[in-house]
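Student: Below, each chain spelled out in residue letters.
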Amino acid sequence: MKSLPPMKSLRIVLLIGALTCAGPGFAQFNLNKIFDNVKKVTETASKLQEANREISQEEEIAMGQGIAASVLGASALHPNQELQQYVNRVGVWIASQSERPDLPWMFGVLETDTIAAFAIPGGIVFVSHGLLKRLNNESELAGVLAHEIAHVVQKHNLKAIQSNASGEAWSSLGKEVAGQAIARRGSDRYGLKSAAADAGVGLVKDGVFLRPLDRGLEFEADRVGAVLAARAGYDPNGLVSAQQMLQAATAEEANASHFLSSHPPPAERIAEMEKLAPKLLDRFAGQAQLEARYKQVVNK
Amino acid sequence: MLKIMNRPIRTFLRILPLPLAIAALPGAAIAQDATPRDAVTNRATELKASPTQDAATVAPLAAEAGVKVVGRQSGWTQVQAGDQTGWVRAFHLRFQSTVSGSSDSGALTGVLGGVFGGSKKTAPKGTSNIGVRGLSTEELQSAAPNAQAFATLVGLRADPTTAKRFADDGKLVPVKVDYVADESAPAEPPARRGGRR
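Top to bottom, those sequences are chains A and B. Counting in numbering that gives the first Met the number 0, the first sequence runs from 0 upward without gaps. Counting in numbering that gives the first Met the number 0, the second sequence runs from 0 upward without gaps.
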């Protein structure tokens, strides 16, 4: 493996900071403490020797809550409660067809006009109102949510975080969480007062959570997501349609703004999806699209 | 018919002011580029009367034919080709933006949210985030966690019983569907393809 670039080293230091400072005295989002302790943590880091380990589901959930709270510190939830509940119902229904139906799934609509959708470990998914306005029916929303649910089910982000945080840093999270956070949970299911939640906050702060996923994982989430949407009774072509929308929107925007990025372009994702046509997309094309129900809620 | 220009020329065209661009090109190509065109066919295909495989064929479409996009439904794109309107399989179209290498969300968001690419995108430094509010890398990294908003999010959760009733209302019937293997990389188990770039 290549040696770590400087930014990565910094992220690791900050992550370790988030982890090792999150003892009982530093309960809730104590970011200042975290940064104050980076120096101390750097010294501690050299002592960490424990091998890499699997993170527990409880740790994953708590970490996701910290990440979500950070996102919500930057971007507001849409005030339309009916819309929020609608998206939650679609999402929970699809998630209930997955291999992780028992996660505390939560789906939030962000008020921003930007087109955005993303998943957070532990079962939290955000979509933007800007995206919802551009979708045509519930099967398209289902495709988008199913893609995000697939990331959580396959633990894509979680593995990326683990990978980026290095084995040593990760093992320190394990120690902290096992020793302190879990003991404090009980009455604190959503209180965000755990070491893992603090770590989640740190993962946004230091940018580890903000890194793009490997493009292969995006294609995989498309494949898995299309299956989950079909399992839930939706036309799985909704995901293809949503990608078409994105492609067209990109064409509009490309004239105004010319910067490129490393993400798989929708054209490539659509081309990958075509491989699913005979076995999946054509076979279940007759399933529900639910345009009227979608527009009734979203266009209010 | 409707043969398009090659990529460098078209990219060049979008950058040039229109009169200059026209002056720079041979006459035959100008007229074609002046017609409204959102996408081109990426293979020879058919314009169908409705968005289904067994619908009547309105007209055959040659590869590289320019079309104007009107709508979309279930993996089909409604287009106008010449003076005819119909449906083309989404897989058979290539959108203009893709020829310049522009990606899915860079121009749109430059943010978190690889646009149900599910992942997070880091905005390139020094670029303006058009339309972005609250989701730029800088805003996220500097945000103070909002526990109250998170509590609101928790309060909006749907329980499985409610979700099931909602599904029933929409006549959504669960079906057993197996995952489809990635045929392009059969030897590589999914678990090993994790996160690192």
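Don't read these hints as lab results, they were simulated from the structure. Do not take every clue at face value.
[To be verified] Residues on chain B that point at chain A, a partial pick, calculated with CB under 7 angstroms: (1) V39; (2) A80; (3) L152; (4) P173.
[Claimed, not checked] What the simulated footprint calls covered on chain A by chain B, stretch by stretch (three residues with Cβ under 8 angstroms from a Cβ of chain B suffice, anywhere in the stretch; the number is not a length): (5) 53 to 59; (6) 63 to 77; (7) 83 to 90; (8) 202 to 215; (9) 287 to 298.
[Stated by the list, open to error] For the chain A half of the interface with chain B, some residues (derived, Cβ under 7 angstroms), not all of them: (10) R99; (11) L102; (12) G107; (13) A115; (14) H128; (15) R222; (16) N236; (17) V239; (18) S240; (19) A247; (20) E273; (21) L279; (22) A284.
All of these numbers come straight from a predicted model, not from anything done at the bench. Note that the Cβ used here is the ideal one computed from N, Cα and C, for glycine as well.
Student: Where does the structure disagree with the numbered hints, that is, which hint numbers, in rising order?
Tutor: Per hint list: 1, 2, 5, 10, 11, 14 violated.
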